[in-house]
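Engineer: Protein sequences, first through last, are from chains A and B. Each residue of the first sequence is one higher than the one before, starting from 1 at the first, in our numbering. Each residue of the second sequence is one higher than the one before, starting from 69 at the first, in our numbering.
Note that these hints are calculated values from the structure, not bench results. Each hint should be verified, as a subset may be incorrect.
[Stated by the list, open to error] Taking CB as the label site, the calculated pair distances span:
(1) B/175 to A/56: 24 to 34 Å
(2) B/71 to A/40: 24 to 34 Å
(3) A/64 to B/146: 27 to 37 Å
(4) A/45 to B/185: 28 to 38 Å
(5) B/186 to A/39: 44 to 54 Å
(6) B/181 to A/49: 46 to 56 Å
[To be verified] The calculated lysine-lysine pairs, modelled on DSSO-like cross-linking and capped at a C-alpha distance of 27 Å, are:
(7) B/186 to A/50
(8) B/213 to A/50
(9) B/75 to A/50
[As the list claims (entries may be wrong)] A partial selection of chain B residues facing chain A, derived with a Cβ cut-off under 8 Å:
(10) 70
(11) 76
(12) 77
(13) 80
(14) 83
(15) 86
(16) 89
(17) 151
(18) 154
(19) 155
(20) 215
(21) 216
Backbone N, C-alpha and C fix where the C-beta goes; we use that ideal spot for every residue, glycine too.
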Amino acid sequence: MAELTNSLREVREAAGLTQGQLAETIGVSRKTINTVENGVFIPSTVIALKLGRALGRPVEELFRLDDA
Amino acid sequence: MSELIEKAERLGRRLARLLMGMGFALLGLQALYVQLPGGPSGTPLRMADIVMLIAWCFLVLACLFAMVGGGGYGYGKQVRALVNDETARANRDAAIRIGFVAAMLVSLIMFVSSYFAKTDVRLTCHMVITAGLGIAMIRYGALEKRDYRSG
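So that you can see chain B by itself, here it is in the shape it has in the complex (with noise of 0.2 Å):
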């Protein structure tokens, strides 16, 4: 096997981890931002909680950065283009449909339950990002690894 294929594979297979990773860690950051003083009951924000929060939106940006461009960047055009080939592309359509319906669903739920009991707009957008985002990470991750390990 060539230098650049293995560098490819070495390369989607990190990706593929830390992805995944990712994902997981958005789904347990929203654990932790219901317990922030500011965060949906509306207290003043302390220094710590500020860095969070700015913390958790550049984390955000580069999950979605990630999962739309599909990474490897400053590995070259040629790694990058094999990295991202036709089997990538169709695990990120793929995980980016789940992640869509999780975000609709989850939409929906805080929708209803808006009508019963007083709704957060900050809470109802932190979890519509961490159920769209977090599911379609984990599950390209999940799907790249069964591709990566099948053979």
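If we strip away everything but chain A, and leave its shape as in the complex, we get (with noise of 0.2 Å):
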């Protein structure tokens, strides 16, 4: 089965930000970032979304489906 993994902690690093202001940014808490970043938690297509528009990133950068 696909495994989606991400990359979200590395482009957030690469862009400067802390997890609260990207939670800021995009309207979430920080636990939501952080949860994402360590694979926790799978964030709906609204949230990737503006993960990706806030990181300035497609979200297939962000996100992918690793097969097993």
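Each of the two chains sits in its own frame; use the hints to bring them together as a complex.
Structural biologist: Shown next as structure tokens:
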């Protein structure tokens, strides 16, 4: 089964943003950013699109399916 | 981190602890209820028992309201929205699902046991509420605490 992985932490850090700053930009709690980065929580399409917009990257660059 | 995000984080952590504590309190009160004279046994209630029953009903309603509504009332619309964002809603859904299973299992046990022993309706309702709500709240608190901790 394909597994969802993400490079949110790397992209966020490259953009010089803290979890709190990114959370504030897209209007979610810091916990949401934290759990997405750790792969604990899979965000909705809306949050994924907001993350892509806030970081100036396409969603496919932030999230990808790794075939097991 | 902005003041709003910090405020939401503090409130979220507090709510997780509070709901978990209230869940354990509900389970603890179950043991106390069994010992009430007017509880399962049906003997007349004393004033103290009536006060305790009313307090328990208020506790159950408050817990139910907090579990379904998410809590955080009085902190403003923005903070409430942050506290009840996607992860909190997902955790709440998962917790309510577990609570539902617990309530169904307790109901099933009480139903089957009623064929073999005299079963008190009040005690059964009390147990179903305690299991359903108490376990859901403990699960929600545990999930939220895990999410705040990781990272």
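Engineer: Hint by hint, say whether it matches the structure.
Structural biologist: The hints, checked one at a time:
Distance hint check for residue 175 of chain B and residue 56 of chain A: the Cβ-Cβ separation is about 53 Å, which falls outside the suggested range of 24 to 34 Å. The hint said 24 to 34 Å for the Cβ distance between residue 71 of chain B and residue 40 of chain A, and at roughly 26 Å that hint holds. Evaluation of the 27 to 37 Å hint for residue 64 of chain A and residue 146 of chain B yields a pass: the beta carbon distance comes to about 33 Å. Taken as a hint, the range 28 to 38 Å is violated for the pair residue 45 of chain A and residue 185 of chain B, whose Cβ atoms sit roughly 53 Å apart.
Under the hint 44 to 54 Å, the C-beta atoms of residue 186 of chain B and residue 39 of chain A, about 52 Å apart, fit the expected range. The beta-carbon spacing between residue 181 of chain B and residue 49 of chain A, approximately 52 Å, falls within the hinted interval of 46 to 56 Å. For the hint linking residue 186 of chain B to residue 50 of chain A, the alpha-carbon distance of about 58 Å lies beyond 27 Å, and the restraint is violated. Proposed proximity of residue 213 of chain B and residue 50 of chain A is supported: the alpha carbons are some 25 Å apart, at most 27 Å.
Of the pairs offered as hints, the one joining residue 75 of chain B and residue 50 of chain A holds, with about 22 Å between alpha carbons and a cut-off of 27 Å not exceeded. The restraint placing residue 70 of chain B at the interface with chain A holds, with a minimum CB-CB distance near 5 Å, inside the 8 Å limit. The criterion of a C-beta within 8 Å of any C-beta in chain A is met by residue 76 of chain B, whose closest approach is roughly 5 Å, and the hint holds. Interface hint at residue 77 of chain B: satisfied, since its Cβ lies 6 Å from the closest Cβ of chain A, which is below the 8 Å cut-off.
Satisfaction of the interface hint for residue 80 of chain B is found here, the shortest Cβ-Cβ separation to chain A being roughly 6 Å, below the 8 Å cut-off. Hint on residue 83 of chain B is violated. Least Cβ distance to chain A is approximately 12 Å, over the 8 Å limit. Proximity of residue 86 of chain B to chain A is violated relative to the hint, the smallest CB-CB distance being about 16 Å (cut-off 8 Å). For residue 89 of chain B, the shortest C-beta to C-beta distance to chain A is roughly 19 Å, which exceeds 8 Å, and the interface hint is violated.
Taking 8 Å as the C-beta contact cut-off toward chain A, the hint placing residue 151 of chain B at the interface holds, the least distance being around 7 Å. The beta carbon of residue 154 of chain B is positioned within 8 Å of a beta carbon in chain A (closest approach about 6 Å), and the interface hint is therefore held. Evaluation of the residue 155 of chain B hint against chain A yields a held restraint, the C-beta minimum of about 5 Å falling below 8 Å. This hint holds: residue 215 of chain B has a C-beta 5 Å from the nearest C-beta of chain A, less than the 8 Å allowed.
Of the supplied interface hints, the one on residue 216 of chain B holds, with its beta-carbon coming within about 6 Å of a beta-carbon of chain A, less than 8 Å.
Checked against the numbered hints given earlier, the structure breaks hints 1, 4, 7, 14, 15, 16 and satisfies all the rest.
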